[in-house]
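Residue numbers (the working numbering), protein chains in the order written: chain A, 1 to 317; chain B, 1 to 568.
These are calculated hints, taken from the structure and not from any lab test. Incorrect hints may have been included.
[What the hints assert, rightly or not] Pairs of lysine to any residue residues, derived as SDA-like cross-links and limited to a Cα-Cα distance of at most 20 Å, are as follows:
#	chain 1	residue 1	chain 2	residue 2
1	A	Lys100	B	Gln255
2	B	Lys485	A	Lys228
3	B	Lys485	B	Gln255
4	B	Lys485	B	Ser453
5	B	Lys485	A	Asp44
6	B	Lys485	A	Thr215
7	A	Lys100	B	Ser453
8	A	Lys228	A	Thr247
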Amino acid sequence: MARFLLKRLGLAAITLWLLTLIVFFGTQVLPGNVGRRILGAFADEAAVDALNERLGTDRPVLTQYWDWVTSLLQGDMGTSLAQNVPVSELLGNALVNSLKLAAFAFVLVVPLAIFGGVVAALRRDTLSDRTITIGGLSLSVVPEFVSGIILILVFALWLDVLPVTARAPEGSSVLTQLEYLLLPALTLVILLFGYIARITRSGTIEALDADYTRTAVLKGLPRRTVVKRHVLRNSLLPTIAVVATQTGYLIGGLVVVETLFAYPGVGRLIVTAAGQKDMPVLEAAVIVVGVIFLIAMLVADLLYSLLNPRIRYASAE
Amino acid sequence: MDETQRRLDEVRRERSELENHLIDEYIGGKITRRELVRRGTVVGMSLPLLSFVAAACGGGDDGGEATPTGGTETAAGNVQPGGTIRVALIQPTTEPNPLLVQDEGGAGMLGSTGEYLSFSDENLELQPRIAESWEPNEDGSVWTFAIRQGITFHNGATLTANDVVQTFEKLINPDGGSANAQSALGGVLSPGNTEAPDDATVVFNLDAPNGNFPTLVSSANYNAIIIPADLDPAEWGQTFEGTGPFKLESFTPQQGATFVRNDAYWGEKANADGVEVKFYAEEAPMVLALQGDEVDFVEHFSVSGGRALLDDPNVQVIAISTATHRQLHMRTDMEPFTDARVRQAIALSIDRNALVDGLWEGRAEIGNDSPFAPLYPSTDPDVPQREQDLEQARQLLADAGQENFTVQLDTWDGFEIPDLAQLVKNYAAEIGVTINLKITDAATYYGDGVFGSSTWLDSVMGITDYGHRPVPNVYLASGLVGDPKIGVWNAAHFRNDEYDELVRQYVAALDVDSQRSVASQIQQLLLDETPVVFPYFYNFLSAAKPNLQGAVSAATGQFDLSKAGFTA
Numbered sequence: 001m002a003r004f005l006l007k008r009l010g011l012a013a014i015t016l017w018l019l020t021l022i023v024f025f026g027t028q029v030l031p032g033n034v035g036r037r038i039l040g041a042f043a044d045e046a047a048v049d050a051l052n053e054r055l056g057t058d059r060p061v062l063t064q065y066w067d068w069v070t071s072l073l074q075g076d077m078g079t080s081l082a083q084n085v086p087v088s089e090l091l092g093n094a095l096v097n098s099l100k101l102a103a104f105a106f107v108l109v110v111p112l113a114i115f116g117g118v119v120a121a122l123r124r125d126t127l128s129d130r131t132i133t134i135g136g137l138s139l140s141v142v143p144e145f146v147s148g149i150i151l152i153l154v155f156a157l158w159l160d161v162l163p164v165t166a167r168a169p170e171g172s173s174v175l176t177q178l179e180y181l182l183l184p185a186l187t188l189v190i191l192l193f194g195y196i197a198r199i200t201r202s203g204t205i206e207a208l209d210a211d212y213t214r215t216a217v218l219k220g221l222p223r224r225t226v227v228k229r230h231v232l233r234n235s236l237l238p239t240i241a242v243v244a245t246q247t248g249y250l251i252g253g254l255v256v257v258e259t260l261f262a263y264p265g266v267g268r269l270i271v272t273a274a275g276q277k278d279m280p281v282l283e284a285a286v287i288v289v290g291v292i293f294l295i296a297m298l299v300a301d302l303l304y305s306l307l308n309p310r311i312r313y314a315s316a317e
Numbered sequence: 001m002d003e004t005q006r007r008l009d010e011v012r013r014e015r016s017e018l019e020n021h022l023i024d025e026y027i028g029g030k031i032t033r034r035e036l037v038r039r040g041t042v043v044g045m046s047l048p049l050l051s052f053v054a055a056a057c058g059g060g061d062d063g064g065e066a067t068p069t070g071g072t073e074t075a076a077g078n079v080q081p082g083g084t085i086r087v088a089l090i091q092p093t094t095e096p097n098p099l100l101v102q103d104e105g106g107a108g109m110l111g112s113t114g115e116y117l118s119f120s121d122e123n124l125e126l127q128p129r130i131a132e133s134w135e136p137n138e139d140g141s142v143w144t145f146a147i148r149q150g151i152t153f154h155n156g157a158t159l160t161a162n163d164v165v166q167t168f169e170k171l172i173n174p175d176g177g178s179a180n181a182q183s184a185l186g187g188v189l190s191p192g193n194t195e196a197p198d199d200a201t202v203v204f205n206l207d208a209p210n211g212n213f214p215t216l217v218s219s220a221n222y223n224a225i226i227i228p229a230d231l232d233p234a235e236w237g238q239t240f241e242g243t244g245p246f247k248l249e250s251f252t253p254q255q256g257a258t259f260v261r262n263d264a265y266w267g268e269k270a271n272a273d274g275v276e277v278k279f280y281a282e283e284a285p286m287v288l289a290l291q292g293d294e295v296d297f298v299e300h301f302s303v304s305g306g307r308a309l310l311d312d313p314n315v316q317v318i319a320i321s322t323a324t325h326r327q328l329h330m331r332t333d334m335e336p337f338t339d340a341r342v343r344q345a346i347a348l349s350i351d352r353n354a355l356v357d358g359l360w361e362g363r364a365e366i367g368n369d370s371p372f373a374p375l376y377p378s379t380d381p382d383v384p385q386r387e388q389d390l391e392q393a394r395q396l397l398a399d400a401g402q403e404n405f406t407v408q409l410d411t412w413d414g415f416e417i418p419d420l421a422q423l424v425k426n427y428a429a430e431i432g433v434t435i436n437l438k439i440t441d442a443a444t445y446y447g448d449g450v451f452g453s454s455t456w457l458d459s460v461m462g463i464t465d466y467g468h469r470p471v472p473n474v475y476l477a478s479g480l481v482g483d484p485k486i487g488v489w490n491a492a493h494f495r496n497d498e499y500d501e502l503v504r505q506y507v508a509a510l511d512v513d514s515q516r517s518v519a520s521q522i523q524q525l526l527l528d529e530t531p532v533v534f535p536y537f538y539n540f541l542s543a544a545k546p547n548l549q550g551a552v553s554a555a556t557g558q559f560d561l562s563k564a565g566f567t568a
């Protein structure tokens, strides 16, 4: 187990490092320089040069990268070039916000989708199955800004039962914060339900059709026990993998939802930073999202081996 | 001799040449009373004085001007004290540093606690703030400002003339000042030429006579909030140090800020207890927030993004006439636009009224292919307005031997620009010209902002957005003058000596009459040459909840809530 973890951590570190390289040099390809981005198209060339010098963005790219990496390893994420505040401050706030929304959406969509997928599989080819599958698919292709706006119109404006934005006032209770997060979370549920439900459905069907299930049924076990003890733990394997890959998106990719609901999360932070070539913020945010993603994958793998003993024994050998 | 006449003569004896010019023009009926007041306040005459002059002279009519629909500030009603006004503002792109701010969100932040020498209102009149009054010398090359006494900063320090001097020195410092401020004051005021002979007086020694100088140091130059002499602008964002009716409570980058009433304010205390500003990255959530009762005031919304607000009876729309516009430039030094007839043809193919109705729901004024927007007093309204004329356009193309050519138009995907580009393409098709649109994003289009590495400045044809300026000087000079050191925004690569000379004359002209006569020549020249098509100048729209009264917007993004409050 320990060797397994160490290997994974090593791979993770290399992945993260490659990620920083790609982001850093990738944004160098974009037109414009940092000073120009901040001061705008109409600013005087001399002013742009002065700003670049002040920010240190006129130095060779490799120097900038090296300085940044060495600071990071010492725990200093640097200062935002555009906002002139510590990156940790900007990122910390954004991350907390994103985690709250992601957790809430997660808690809503995963049980719902798994339940839907299992029911659809158990009632394969009936009306319920069709409704869940086709309904789920249709909903998931609706873009977030459409479903989001419809939700806002219906629940916030016409019915006036929920707030329009996702940002609760400072110091609100948990319940109030959840009230504010409900609409964006529902938007995400609409988006993700179909996908997760379908994966669960196909995993369940595969498990239902497997030999061990037939054996369990022939042994005389009641249907419920068969499903609970034999089918579910196998059908959930692909679902776990899928959900883990969605974690990265839920934390760092919710740009549209965050913009629509005026919610200051990591997605918006990344887009703004990329547009301004605000390198410290962009790199730190990408690394954090990368770390979360890798942790999610690790947890998924561990869950996998928990649910499926064969994997456990295989890695032990 | 009539008593009034005697007093008038006495008053006039004490006035400067510039001010007497103005009075003469009024007597001669060349300007309306409204313009007398407008120009008079800019030049430094007080309102009581102007009323007296207007009454004593009697000439000229009131000249009603069409105001944009919707009024210019929320109707005054029974305002209750107290309450917190929630404002939706576009997210600033930079830190709140008076030297670096160059967008609406940032301007809103500066103006929330900071104050200017004067406030430029929607009529382009200057209301005294930190400066009580101002005066030019004989030829307008030296301006003396009287600084109000008894003003304190939010930290308790007293404001003196030295703070004003240092503020401007920092702004125009060639080694790291404000790019924005420098675009307004470059060639007008040089470092080291501003002095404070005493605590209550500031003297600006200009590089050359300039009749529009007070406007250039008013709130229209939104970086010019007066800050303490010993404050490093990079640290302004920590305290938002200023002298205004509200002071900072807290600021969270990219999220918003809260302000409380400044009870030590030198003027009339604000009604509201505080202001809460929330940042929005896009327009749609701002509009929704107003409708959903999460904000009381939206600083700026556009027609395309806020149609719901325009039609909503529960929303007050505040419209300000501005000089904000788009420029469709054509490279005068590149085929097929080297021939002025071809450029004219493109300009004649466009139906400007249709653009105003379609893109702005009528909330814009049509342009006449020069930077002279209708709202400027110096604009000559008698220059014939160019109208769509497809026949003549086709004829001009035939004469120039340039029928049925193809050309590329570069621009970016902000605001209504893609729609405008498409419409321009459609109009051109009607005269046989094929335009291929290449629409990218702002960063790609503007590039480095210098000739040779900017699509904006290098393209054959392009559309650029220009923000509001209270006087056209910058558009005239930076936009179209031939010398690349001055004409840094000259995307059309326009080179015309007569034009350059006329611009020189315009800037130096001190009174409305001479400004207008030069403007008239410039307008005519640009119609003949048409390096750039100016299709329209559109209104700046804000929105407020019906129970919020007294909120004032400026086209630059600042909002003035000192007199705002909620009705019962």
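Results of checking the hints against the structure:
1. Distance check on the hinted pair: A:Lys100 and B:Gln255 sit about 17 Å apart at the alpha-carbon level, within 20 Å; holds.
2. For the hint linking B:Lys485 to A:Lys228, the alpha-carbon distance of about 78 Å lies beyond 20 Å, and the restraint is violated.
3. The hinted pair formed by B:Lys485 and B:Gln255 fails the criterion: a straight-line CA distance of about 39 Å is larger than 20 Å.
4. Proximity of B:Lys485 to B:Ser453 is assessed by CA-CA distance (about 16 Å); at most 20 Å being required, the pair is judged to hold.
5. The suggested pairing of B:Lys485 with A:Asp44 holds, with an alpha-carbon distance near 10 Å, which does not exceed 20 Å.
6. With a C-alpha separation of about 87 Å, the suggested pairing of B:Lys485 with A:Thr215 is violated against the 20 Å cut-off.
7. Only pairs whose Cα atoms come within 20 Å are accepted, and A:Lys100 paired with B:Ser453 is rejected, the gap being roughly 44 Å.
8. A hinted pair counts as satisfied when its Cα atoms are at most 20 Å apart, and A:Lys228 with A:Thr247 does not qualify at roughly 26 Å.
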